[in-house]
Structure formats: structure tokens, C-alpha cells
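Enquirer: Each chain, written out:
4 protein chains.
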Amino acid sequence: MSVLIKGGRIVTASDDYVADIFIEKERISLIGSNLKVAADRVIDARGKYVLPGAIDPHTHIEFPFGATTTCDTWTSATTAAAAGGTTTVVDFCVQTPGKSLGAALDSWHKKMDKNKPVIDVGFHMAITDLKKPETMKELAAIDEAGITSYKLFMAYKGAVMVDDTTLFKVMRQAKEKGAVVMVHAENGDAIDVLVKDAQAKKHTLPKYHASTRPVETEGEATNRAIQLSRIAGSTLYVVHVSCKQSIDPIAHARENDWDIHGETCPQYLFFDESYLDKPNFEGAKWIYTPPPRPKEHQDHLWHALNKDVLSVISTDHCPFNWKGQKTLGRKDFAMIPNGGVGIEDRVRLIHHYGVTKGRISLNRMVELLSTGPAKYFGLYPRKGTISIGADADIVIFDPKKKWTISKKTSHCLADHNLYEGRKVTGTPVVTLVRGKVVVEDNKLVVTPGHGQYIKRANYGSKLLAKGK
Amino acid sequence: MSVLIKGGRIVTASDDYVADIFIEKERISLIGSNLKVAADRVIDARGKYVLPGAIDPHTHIEFPFGATTTCDTWTSATTAAAAGGTTTVVDFCVQTPGKSLGAALDSWHKKMDKNKPVIDVGFHMAITDLKKPETMKELAAIDEAGITSYKLFMAYKGAVMVDDTTLFKVMRQAKEKGAVVMVHAENGDAIDVLVKDAQAKKHTLPKYHASTRPVETEGEATNRAIQLSRIAGSTLYVVHVSCKQSIDPIAHARENDWDIHGETCPQYLFFDESYLDKPNFEGAKWIYTPPPRPKEHQDHLWHALNKDVLSVISTDHCPFNWKGQKTLGRKDFAMIPNGGVGIEDRVRLIHHYGVTKGRISLNRMVELLSTGPAKYFGLYPRKGTISIGADADIVIFDPKKKWTISKKTSHCLADHNLYEGRKVTGTPVVTLVRGKVVVEDNKLVVTPGHGQYIKRANYGSKLLAKGK
Amino acid sequence: MSVLIKGGRIVTASDDYVADIFIEKERISLIGSNLKVAADRVIDARGKYVLPGAIDPHTHIEFPFGATTTCDTWTSATTAAAAGGTTTVVDFCVQTPGKSLGAALDSWHKKMDKNKPVIDVGFHMAITDLKKPETMKELAAIDEAGITSYKLFMAYKGAVMVDDTTLFKVMRQAKEKGAVVMVHAENGDAIDVLVKDAQAKKHTLPKYHASTRPVETEGEATNRAIQLSRIAGSTLYVVHVSCKQSIDPIAHARENDWDIHGETCPQYLFFDESYLDKPNFEGAKWIYTPPPRPKEHQDHLWHALNKDVLSVISTDHCPFNWKGQKTLGRKDFAMIPNGGVGIEDRVRLIHHYGVTKGRISLNRMVELLSTGPAKYFGLYPRKGTISIGADADIVIFDPKKKWTISKKTSHCLADHNLYEGRKVTGTPVVTLVRGKVVVEDNKLVVTPGHGQYIKRANYGSKLLAKGK
Amino acid sequence: MSVLIKGGRIVTASDDYVADIFIEKERISLIGSNLKVAADRVIDARGKYVLPGAIDPHTHIEFPFGATTTCDTWTSATTAAAAGGTTTVVDFCVQTPGKSLGAALDSWHKKMDKNKPVIDVGFHMAITDLKKPETMKELAAIDEAGITSYKLFMAYKGAVMVDDTTLFKVMRQAKEKGAVVMVHAENGDAIDVLVKDAQAKKHTLPKYHASTRPVETEGEATNRAIQLSRIAGSTLYVVHVSCKQSIDPIAHARENDWDIHGETCPQYLFFDESYLDKPNFEGAKWIYTPPPRPKEHQDHLWHALNKDVLSVISTDHCPFNWKGQKTLGRKDFAMIPNGGVGIEDRVRLIHHYGVTKGRISLNRMVELLSTGPAKYFGLYPRKGTISIGADADIVIFDPKKKWTISKKTSHCLADHNLYEGRKVTGTPVVTLVRGKVVVEDNKLVVTPGHGQYIKRANYGSKLLAKGK
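Residue numbers (my numbering), protein chains in the order written: chain A, 1 to 468; chain B, 1 to 468; chain C, 1 to 468; chain D, 1 to 468.
Since the hints were derived computationally from the structure, they do not count as laboratory data. Accuracy of the hints is not assured; some may be wrong.
In this list, chains with the same sequence are indistinguishable; a pair is considered to hold if it fits within one copy or across any two.
Said to hold, decoys possible - Here are the simulated lysine to aspartate or glutamate pairs, DMTMM-like style, with alpha carbons at most 20 Å apart:
1) K455 - E26
2) K177 - D197
3) K169 - D197
4) K132 - D192
5) K401 - D441
6) K131 - D197
7) K169 - D192
8) K400 - D16
9) K201 - D332
Based on the sequences and whatever the hints tell you, model everything.
Expert: Printed below as a string of C-alpha cells:
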């Protein structure tokens, strides 16, 4: 099956021009002006942007959290992703403490075999427990499964939190393999003291989720991970950076050319701590971790995205229904499952609030949403750009079309949308994955299972170097 | 005439892939894998880089300096440029104090009409004297001549130096027109005191050129220009940044998102002040301004290039023969014409010492030498990248070919080459300007006059915004 | 005549203790607990602070400005100073362009011979014109007159402004003599363009005084003076720092251990630009230079005072009557004499708003008002502290006494007080100069002429070194 | 008993003048010129400095470390201190894990009752274990014992190291009481991994002590303690800062006016990591923690001392004999007791290498060695300066006397001196504690027991505020 995309404005991380694109055998084979070539399908993209499909390197799909599980299936989550212009996700396989990494991997593949994805998928591996010596051996071989990034939680004491010994040992292993270490950076010990103190004082409302996780807990842990990385000689990628206190040590590291990187997520750019105060327990929808911050941090985050202090915008999509899931914590904020909805609206939000408001250029948007994640996580040049030979993961984006974000039009199964009612200008209209249209006019037009598991290469093995 | 470039590794500011390029009517019309299309000429680029032609936005060709004139003609200089992979230059028209801007522009066009160029050419306008009120009116209309950048000298007291009043007035005018203000940033007053003091002490050797222009004179003037720009609200581009003292205020400005930019030149990356000490007056070859600096500044410059504190590498090509020109100052360093040879070897040098030594990525090299200058000086997207519809200004660069830099193989008319004898890996093998091969295997293969004068648009009028 | 001060709380730049002080022959000869010694006068200082007399190193007394002269006499100004706790002033002798330094010095001494001072006095020399070669020779010998600090104006174009050549030459001379160079740092060229532009637009109100002297003009000139000092190797002291743009380069310099220092004045700590908008031309009272700034700069100034980025608080006392002097500029802000009233209330203001509000410690207040200026300007250890052998320049300060600042109770001859109506806690009750009570309960109790001209030593000749 | 000190040059943190001092009833009662007063003893101090006695707030006397105990007795250590110009020490009481704080306090008092001190003594309390709930209650009441500072070890895993939960809880308690939290800042987890790795690789030599404790482990822990302090709202004092990585976060904190402070010790100013390589296991003498660092850190430390980023120089005196103690680790560097000799030579070393070499002023020396520690640890104004009413803890220091540091002339019981053979200019000649000469010409002239236990007030309770 071949596709011809006519007359669109092609935008990559550095270029911006009008041309036609011809796709054969899942890949881009020709770019030219006024291509005269027969195709099974012709898409008229005049007046529209033709972008490389967005990549979301931070999702939690069918993910068990405490006594519950995130509410999307692999099919629903990836449909939502595709509808929003995302063509690949990299999800976190999480080791159950006491169990093997292999068991986690099997479990993740089984879920995806059952509720099949419509876009491509990779996995990171989250390590929670190194007590068994064979776990480190498993880790050493996990690149064979196409996993080249390891995640560790510095918070969630008593659950998935690791101590510095485990963190540091994994970093040393990552150095050996050229893998990327990803950290959830918060000081779990201090948070645990603050949470227990709040509970003792009968501080039960959602807002105490924020006050018991002050910005210093994140800034501290970020710096700790950076320094331990420096000793280990490993690559570090700090997930969901939410505040200046965490931005500053990353900026310092990058100014010194250390191998340190970071991402943020839309929920930190668009919501502040006041959302937790919404009445009737609605604030619980904004219980995610790190929590929403004071408003001034939003400007710091945009600045960091602009100056390449932060290099990726992911979603940390981790959806829970308000009813039945978020409400588990009606009597104690600490019992509310942590996580928010986000996979579907990332591209629209960043285009509207970032590009049309003049905060970032269109090229930088492509870099933050697609090219950057592809390069960091071993998907480039197969994914992450529009060039000859690349997978035809393409989004036709109408920059003038109005769109109202809403649960009603969403493919995510959660019973609410954090951005409900926001009106944006610009939305994806056609999404192709490996040359096949998967979503068109917000409707799934492909059979689940089109999405494939992608084995990833090492970070920057060939392409990344100084200067980018 | 059509050209097909087969199988090269196409490198842009952000991408890197293998494909064929088809050129028709001076422009790139098709990029694809295994293109099957008839062409007047087929170039086999397998194993080679296919790069957008480099742009040199800082040259002084047939330029009168004191009692003498730079020794290249427009034909020789542009042939040297093309041989080295440069496909466009933007040269400085300089107002003669007391005369009109129009007279300068006429004079520049006349020279170029006589000794015709082989590559494309644009002009900046250097303002030296605003005494006549009509000069400001001329400046206001000069965009009609395709000139959208104004240059001012803060040094060369008694010659082309302007005072802060003139500088500030021109900045205010630039703000009105959206033009770029370029400054040669050195404190001419302090230098004048130091030079006269050196002369009084009979300090005649070339090395006193450096000691009478300490780094603080450059750092001071750079900061002065930045602050005056802030008041005027104009765009500033600091030419030939040579030292940390000048880098620091630019870095501070850019961190604050001010509209401040800078370039450096190869002579500051590769030579230090010790070159002025070469015996038998040979040091005079390295008399350019700012002077060669202590060696430690080279690392600061590379770091600034990497962090986008400096965004362009130009040449400040301003060639004088050693014999008969440089030797005018045998008895007084202040009589040595200021300027060095450089237009021909920029791409080779940056590739060898930048990319192969791991200081910058290949993508960043393209950005610094081509995409960046094209965007700053109103040439993008017509020039500065490889994409459909762009001028086919292309360099086929063999990254493995050894090359020894030498006067013998150079097309520049100067009697020496500053880089004489340096062995590099990687050199241009074919250079095309608007689809026509102009140099092949270091030989000019086109009739002078192929090069055209290009009217330039305003800086960033459409394409540049935050994030790039 | 001997004096015994009983039971006061003696506060120096680092100490704070209760003791008695005995004064003989103008100097402090004994400090002890419960001194039993006969004295001509006994002062009960229980419950009060006993402070070293404040030193004001920045005044313009009987100073011609344009067509008018500051409205205090040497007697009135020094009485006001003494009433406010100041026991020494260092005033600016200003060379008339075209005339000799000696003429200026004579003129200053003559004025002081006529209207004799009640406290001690030193002079700085302001150089405005180096055209005559003998001026530099005069400067080289001026330490013989006890003048060890040179002032230059980088603003007031067409009047006392010097160009960078003059500034730099004076710096080189200062280096030879170990003198301190003081600069009024504003870019006079840019200000001149802005003022003329405002005048052309009929912008006549006082507020245009501020808008035509933007903070960048001060920041720029400050940095310029710093860099030129670095080249010359001289000591720099930046007067009346008013904004962050000027603080930042001083902070950078001091962090690098450069010999760079700065002062601010109360009017920058307590007034913002909104004062210029007072109706009925009252805003003209706040026409001083640099102008009052946006309010946010006040916090930056306090921070700089705390971190020893700024090391002195002086007054720049330069009083003009509103009626008849300030009103000269009713039709054009540029015709309003520049200068404000301040010599009398400095200590009260800094104590109330600095110490009692917790912005600075009491020790730091003493350092900023007395010990610091004494050390910088060659008066220490004779003045600037309370220790055995020092001049008995002492202020008995009642920290609990309420005081309302007002023209009515002031000794300054100006027809207004900028701080009119402000209520402060803490005020001087007795002021001694060389062991003699000069003001008591706000009344002059000494015959004018008690004040002496003091020949000053060089900066830090013996006492200042790193670490302070 | 009364003492009259004649004609010395009295130097405090800010002053410097010549006068006589009269001492009665242990305190300074009179300072004057040419005092004519009868005294039991007259000391001729002409040509000498008269300094406030140095205070050493960081010692480990009769301290059990692993299987051994530091080799000084309270008598020998305080004699050495006095001989070197130190008149007060504040030693660390250390809780035995599992035992009460009271038990530790008793134990410390008993040791001191047995081997009585010759100078005054205070205690800090080191908390190692909060498992028993009553420990926190004990801590809450410990100010009644005159203890107002709590110490925690972030390293020494498996021994005295605390986790972040304990550290944070103690900080919250300190906030309640206004106490100072002192931390030994190193990441014990990472060090433990590195040490075990070194042991596994049979890396047994002393130098591995340094390589297993890289600078990042200290920098990380310092920042962690700072951030946790910020959350707790407590005062932090970082002990034995040794490197830039630790200086930087302290500098950042202080620039932001956070309540964060730090000290360094002479061993970090004078020794680098190469000392560990001394042959025949002699390097073991330099096994202290943090370890000696690369030489470049010494300049950073001096700079930090000058800029008040570091505010105190203590000794961390923790002496072990080489023979029999240090040699316990001949086969494994990790078995070498950690600690070095230092109490005796601090003042001489800082005077010689700091003051006479121009690195700090004499006033700043007094501030770093005496006034600063007195203010931080609740001893000021009773101790830490020379003023009326203060304890007559005074050192007569001969700035011209040559001294060779050596075990032979030392009063410390250790079998070596780290500074053996260093020749310095300037040495204490008489040391008085509360008005009594305790050491004269390097000989103890008082009966042990003259030293008293001092109950300390809270940090800054009355005297410290911004600006100092």
C-alpha cells in the first residue's frame, strides 16, 4: 500500500518547506515538488502541517498502582495517543519487588497481546529491588529485549522506592551498557515524614498532597541523582521535572557538558497547585506526582524548554477514574491513586500554548515532541523526523482548526479530562503509523494490533554528540 | 540543466540520512531513495556528505584599509570560497566618512561588475558617519537595495570608529526597520591610549598589536553594545567574538532571551597570541582585529558554539600580502594592515577540528556554517538547508579524503595561508551554486559571473522565533 | 577638656558591649567598666547606643550646577550633618573645564573659610578636562593636598562629562599613586539622544528625567568603568549605585576579587520613580541623578548592602530649593537642577528601615556608615571606629526615641525635606567631633570653625586587605 | 588576681589599634592608652598582637572510633590547644546507637572529670539513632545541659550514619528549639558501594580512601542537607567542607540569604591527595574524612573563606597514633581509623599561610578563628572578642617569631604531627584563659582543671542578624 501526501508544509526540528511525500512499504521513499506518482491513497495536505509523529516516552498503561490499575487498555490508550498525533509510546515495565525483571517483561507483553496497540510501543524497565543477585544479571542482558533505559523511583517509600545503594549500582550497570538511567526524583524519606505528620494532624484534603511534597524534595533528589551519575559515569534523564529547584541543577549540569537530561509534562505547564482545591473532591483529579506547583514555576519550565535545559515533553499518562479510583482517598489524600490523564492532548496543547502564543518555535515543538525523544531512546533515525528511509509515522496537523478538549471526544477511558473545555487552535486530522492511516478525523480506522513492539538501540550510539 | 546526486549522506541542521537529490531550474525538486530520473549530470555521492553550501556573512573583498586594499578580487575570493565549500558571501559595504551610503553601494557593485563572482553575494552596510542629515534617510531606505543589516565599528579611532551617539542612533533606526545591527566591539579610546603609549616606548613588534588590545576592551564594548541595544529595542549581532570577556555578556543576554547574537571565526579557534611572535616579522600575518588571544579562550569559544551562545562561524576574510602590505608596518606594528586570510578553509577546519575531534556534532557544524547565517541574514529558506524548493547550493564533502592546507593549492591571491601545512581529514570535492557545479576537484569549472547579487529579507521575518 | 560617656552600648563594625568611654585631647583614651575618672563633662549614655560618628563621603556643598548653586552653606550643611550623626564629610572639588585643579581647590577652601564647618572635612578632586598637559601634572601632586581620590563624570554631556580617553588616562594615573577613582556611571551619549528626543516630543514633565536615563545607561557605564579599571590596574569606587544593572557587574567583579567597590544612597532605598509624578511640579524635588528607579531595585540594593557588594551608604547631598531653583525647569525637565536633600537623615533612616526592620544588623550599619567610608578614603583608624587613640567622633544614639523627619526641625537650608513626615524610631541625641559636643538635642552648641580640613591617606595603604 | 597587658596591637574582627588591657576577676575591665594601674602581673606585649583566644568548635577528644580511641586525653588535647592559642573547644558528645543521649553526656563529663582540661569546654550532641521514642524527648530538653547544636553523620554506613528520615526529624526538632544542626556531609551509601568494590578488587592502599569518597559524594550530601533544612526551616552548619562541590551549594544558599553556614579545617587548606601516597604506609596519617582532595580545591576554599561562604576554620582534631592505631589498616585502607592531628597548630598555620601570604586580612583571621565560632555556638559576647566585660581569653601572638612545627615541641600525645617540619613566622607566646596565664613560652603553667564546662546559649539569639 502506497500513500501520497500532497502540498503540505513539512516541518522538522530545523526545516520548514512545502512539498509532497510519497510512502511505500511503510517508509518515506520520496519528497518532492508536485510529485507525479501513482498511489493507493492521496491525502491533500495543502494548508496543513506535515509533522513527524509525536513520541511519548513516559506512559503507564494497564499499570497497577497500590490496590488499583490505570484505567486505559493498551488499545484505548494508543488510540487516544494516535488521535492526538502520537505514533509511538515507550511505557514503563515495573519490576514487582521480590520478583524478577523477566516476570515484569512477560506481564507487560501479555497485557499488550490481549488489548493490542494501534501504534508502536517500546519499554523501559523500572528496577525496584536488587536483593536477589540474579536481578543484576538480568539487567545486564535486558538490551537483548530491546530495552536500553532503566527507571528508578527515589520516592514512594515502602512501595517502589529504592535507596541510594540500589540507584548507584544500577547507574554503574548502565554505564557498562551505555543505557540511560531515568529517575523519578523526590526525597521519599522527607515526604514520608511530612505525610505521616499531615495524617496525624488530620490533614486529609487533596491539597496536602502538594504541601507534603515541597519543591525542595524534588530539587534535592534531582541533584542527588546528578551527582551519583557523575560518579558512576552514566547518562541520566530526569523525568517529569516540575519546578525551578529541579531545573537549576540540570541547567548547571548541562552548562558543564555533563551527560544529564530532563523532560517535563503538560500538566506542569498548565496547572498550578490551586487546582487541588477544586470543591467536592474534584481536586483529586490533579493528584499526580510531583504535584502541581505554584504558578511561577510554569515560566521557568517554558524557559528551560527553550534553552534546551529540558529537552523532551512527555505525558506521564497514568489515568485513573475519578469515581471509584480517585475517590478511594476521600478520607485521606495519601490513599488517592497518583496519576493524571494526558496522552491524547499533548500535541494540541503544546502547539496552542507554546507555538501560537510565541513561547517556542514550530521547529522546537517538533524537537521536543518527536525528534528529541527519538534520539534519546534509540528510535532515531527510524522515527522522529521526516526524511527518506524513515518510518512513515506522520501527522497531518491543521493549524487553523478549532478544537475543544473534552472527555466527550476523547478515546481515553478515564471518566474525565484534566483539560476539559479548553479551546485550542490546531489539531491533528490524520495520523499515519508506518504508512498506514490509523486515525482520521478523530476516528480509529485501523484494527488494533497494527502497533508493533520496537526494540530500541542505545542512546546516542551513533547520532548524538555535543552540540545537540 | 538538471543534476542528480546519488547515494550521498544528506546532513542538515537536524537530520542525517542517505538519499538521492534531483535538481532542476537551479533548485532542489526531488529527494528520494534510488531515484530513477534522467539528468544532464549524475554525481555519485556514495560515501560522501551532501551538505547545504556554507554561507560566509563576514568578508572584506577588494576593501580599502588605510593606504592599501585587500588583495583578493571578487573573482579570486569567491573562487576560493567555492573551493572550500562556501556558496554565498555577505560582504561589508563601508561608507567613506563624509560620503553617502549610496556612493559606497555603487562602488561595491562596480568592483563586482568588473571582477565577477562565481558564487552568490549579499551586502551589509557599514555606517561610519552620520553628520549629514540625509545619511539617516538613506539608511531608512536601504532595505530596498536588499540590505537589512548595518555594521558599526566601535574601534579604529580616527578612521571608521563611531561614538556611542552614532551607534545608538543607528540602533534606533534598525529597530524601526527590523534590521540587524552588527558591531565590531572594542573600546577604541582605550586602545588608542595604549597604542600611543606603546609607540612612545618604541614597542614596535607585532606582539604589541595584542597587548594594546586587551580582552577587556572587547568585553567592555560588547557589553556596551548589548545595553544600548536593550534601550533601543534593536537586534544585535556581535562579529568576531574572540574571548571569554565578550562571550560572558552575550551568554547573559541570551539566557535572558534578549535579542543578542554572536559569531566567531576560525582564527580565534586555532591561533593564540604566540603566533605574533614568529620570527622575521612573519608574525605580522596574524595581525587581525581583535588579535589572537591567550590559548585558554579557545575552549571558551568552542563551549559557546556548542551552547548556542555563539551561533555562527564566519571568516572575516580580509587578506593582505605579507610582502608589500603587511611589511608596511615593519617599523611600527600600528602600520600593519589588519586582516587575515580565511575564506577558503573554514569548512575543512571546522569539520576536522570540530566534528572529527568530537567538539561539535555534524548537525551543529551545518547549523553554524550554513543554516544559522542563512536565517540571521534573510537568506533562509532559499539558502541554508537541503530541502525541496531551496536553491541547489550544495557541497559534496568527502569526509575521509586527506587534505593539506597550503598556499600552493589555494585560490586566494594572498602570498601566504595562515594554516599552511595543516593536514586535515575531509574536504569538499564538488560545489554547486544554484544547481551548477562551480568547483570540482579544487578547480573552477564555471565562468565568473555565475554568482548573483542577492537581495536579502529581514532577519527572522517569518522563520525565526524563540527556541532556535 | 575631657569627657566621660557612661554606661552606653558601644557598637562597632563587629562588637557590641556596654562600657564607659573617657576622652582626652580630642581622642578616646580609655574604655572600661564603671570608670572612676574625673571629667569636665559626664554624659549618661545608659540605654543608648554609642556609635562612631558617621562619615559621608559624597556631598556637594556650595556647589555650582548650571546657572545655580546648591543652597546649603558649609556651616548649614555640616550642622545638619552633625545633627544627624555625621562627623566627617568628604566633598567633591570640581575642576571647571578649561581651568586648573588648583583653582578648584582654592575655590573650595575659600568657601569653607567663609562659611566655616562644624565637623571635619576632606576633599575628592573631580577632573573634567585634561586638555592642558599641566593638569595631569597637577593631578600627580594632589596627594600633597591630602586628596587621594579622583572623581569622573561619565554623563552630563557638554558639561562635566569626560570621554573614555580622559577616564582611562586618569585611571592610569591613579594606579601610579594608589588613589581611588570614583565614577558617576551613566552613558552620557545615549542619555543625550534620549533627552533631545523627549524635548523634541514636548515631553516636559519631571518623569521624563527618569525615562531618558534608563537603568541600562547606568549598568553599561558601570561595567565600562570596571573593565577600564581592570586594564589600568586601578581601584574603582562607583558612586550612587541605584539599580540591579549596576549592582550585577560590581558583584561579578568582587566575586573575582577585583579591586572594585560601590556605594548607594538613601534616596535609592526609599523612593521609586513614582515620586516624580507628584502633582503641581512637586516631583521636581526628586530630580537627582541617577533618577529614582522602579521599586523592585530597592530590594536588590538592600541585598547588595548585606552581601558587601555595596560597601558604603553615602548621601550625594546636593540640595536645591524647590522654589526658584527646581522651578527653573517648569517648562523643560532638563532645566531642573539635579540633586536632592539628604545629609541630615541618613543615620536615622538606615537605623529605622535597615536595622529595626531586620534588613541589616546594627554592626553592619556601623560598617556602612562609618568604618567602611573611613577605610576607603584614608581616614581609618583615626576615624570610623571606637577604639583607643581614635578621634573622639562619637554619636550618642537613642534607639527608642521617636522622631518625625521634617523641614521644620532640619538644619539644612533647603525649603523642603524629601522625607517630610516620615516617623522613625531612633535618633542621635548628642554628637561629638574630636571630643567636643557639637550638637545636642538637635541644637548646634559649638562655634562654626570647629571642623577641620583633613588630609587623607591612601586607600587601604595599611589596613585594608582581602577579607574585608 | 589581676593582669595588665601593655602596649600590644589589639586586633578584633574589625579593629586594629595599640592599647593596654587590664583584667580583673577573669574579665577584661579596662582598655586604654598607657594605663597606670596596679596589677598582679604585667605582660609586655609591645610589638605583639593581642588577639581574642581562638575557639575550636570541632574536636574529638577521648573519642571511641571503631575498636580504638583517639589518643589525646582531655588534659593533653587542651594543653596543645592552649599552646597554639586556642582557649575554648566545643567537642562532640556522640550517642552510642541504641543508647540514650544522657548516657553519652555522662560519659563525656566523666572523661573530662578524670583528665581535666586546662581551657574552657562546651559540647555538641551527635545523634545516631532515633529508634527509641524517648530519644527525641531527651533531645528536646538538652538545651538545659547547655547544648544548643546537634550533629548528624550522613556517612559511616553501618556505624553512626543516619538516614534522611532521622536527619529530617532532628532538623524539625532543631527548628523548634532554635538549635544549630551540624552535618558531616558525605553520601554514605555510594561510598559503601565504592569501598566494597575497592576491597573486592584488593585495592588496599591508603590512596583508595580518597578514590572511594569522590568530591561528588560530599557535594551531594551538602546539598541534600541544605534542601532538607529549607523544608524544616532549621539552621544548618556544614562541618569540614573540603571541596568546590560542597562550597557551591553553600554559596548559592547564602546568596539567597538562607540560614546555611559552613566551616573548613587546615588539613584541607594545606594537604592534597598526594599525601596519601607517602611510602611505607606513612600516607595513613592523612586518612581523615573527607579525605585530602586534589590541589585545586585549596584555592576554592581560601576564596570561600574570604567571601564569607565559609565562616569558620575549625580543626576536626581527631588524633590517632600511626603506630598501633593507623597501622590497624595496613592490609585494608578501610580499617585505618579516620582522623588527623590539628588542634595545636591552627592559629600559626592560618596566620602564616593566610595573613602573611596575603590570602586573608588579620581581622578576617580573628573572625574565622574566634569571633565567628563564638557567635555561631552561643559563646559571644562572653568569648570571641576583646571588649569590656568579655572573658579574658587572650592570646599574645608574636608575629615575627619563627617557629618550626614538630612533634617534638607539641603537647598532643599522637606520635606524629601532620605539619612536621613546616617553618612558619608568628606564634603564640602567652595564652590566658579567663585572666589566667595557662601556657607561656609553650609550657603549661596552670594546674589542669582550670578549664570549665560552658553552657552555651542559642545561635544568634541576640546578636546575629543579617549582614554578618
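Enquirer: Provide an ascending list of the numbers of those earlier hints which the structure does not satisfy.
Expert: none
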